[in-house]
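Chemist: What follows is each chain in one-letter form.
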Amino acid sequence: MKEQLILFGTAKLAKEKGFKEDCTHYYNNKTKILKPFMYDDNPKVISIQDGTNLGLLTIAPTQSLLQKWLREKYNIHVEITWVDTLSDIYVYHISTTANAIRPDSIFYHSYEEALEVGLQEALKLI
Amino acid sequence: MKEQLILFGTAKLAKEKRFDCKVGNFFKLTTISHPLIEDTCLLQNINSLSDVPLFSRPTQSLLQKWLREVHNIDVSVNPINDCTVYKDGIKKYCWDIYNTEFEGIDADTLIMYLKYEEALEVGLQEALKLI
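Protein chains in written order, with the numbering used here: chain H, 1 to 126; chain B, 1001 to 1131.
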């Protein structure tokens, strides 16, 4: 079991919004392939300093690190609710200091899927 | 900004409940004068190592995922936005636990925490106790 890394589309959006935290993985913008900064089984955290030229790379944080970044930097909370305890159905909620946003009738069959969409929508608010 | 790692009390409880995902951080109990060491290593199943007083130290989110996927226990943290309890203008958080067996919420919503991570840590501990 591993931490879930964000998908390429979300990573690209996060980069556009200024996400530059230390990460273990990155995407090659051309191939969209996810790779660790060091070696496979023990990826090393790479410090991404302001001004670092990432070039064709887009850093890939875990979903929870991006969630934390949104919460601490922008006060945007993305939370997942398990709607149906008998079957796996999840929804995401986004709340800011100004208001709460909940998508209508959109259900996801995994926690990670719901969180991924929630993170994307939250990034669009910045 | 870093992922939040669990505290020793939670790590001890997680080991008792047979959490053993590969992690790169651990606690080690050593001597009386320096009883607890925090250390890092290559990713491995630390809690499986026998005869050594080591305790896996996963991130909060990995333990949260293990509880959800292995034990069907969902721990969530929600900001309190209700004006009736949010009078001082400081954002507060509370934890919730959902489980397929109990189907109920075991959260004590009267207890609020100033930090998201603090609320999640308590939620994780309470969830582990349900196993």
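In case anyone wonders, no lab produced these hints; they're calculated from the structure.
Since the model is a prediction, treat every value here as computed from it, not as a measurement.
One or more of the hints may lead you astray.
[To be verified] Below, simulated EDC-like cross-link-like pairs (lysine to aspartate or glutamate); rule was C-alpha separation at most 20 Å, straight line:
(1) B/Lys-1129 x B/Glu-1117
(2) B/Lys-1002 x H/Asp-84
(3) B/Lys-1002 x H/Glu-21
(4) B/Lys-1012 x B/Glu-1117
[Said to hold, decoys possible] Chain B is nowhere near these chain H residues, computed Cβ spacing over 10 Å in every case:
(5) Met-1
(6) Leu-7
(7) Lys-15
(8) Glu-16
(9) Lys-32
(10) Gly-55
(11) Gln-63
(12) Leu-65
(13) Arg-71
(14) Asn-75
(15) His-77
(16) Ile-80
(17) Trp-82
(18) Tyr-111
(19) Val-117
Glycine included, C-beta positions come from ideal geometry on N, C-alpha and C.
Chemist: Which earlier hints can't be squared with this structure?
Modeler: 2, 5, 11, 12, 13, 14, 15, 16, 17 and 18
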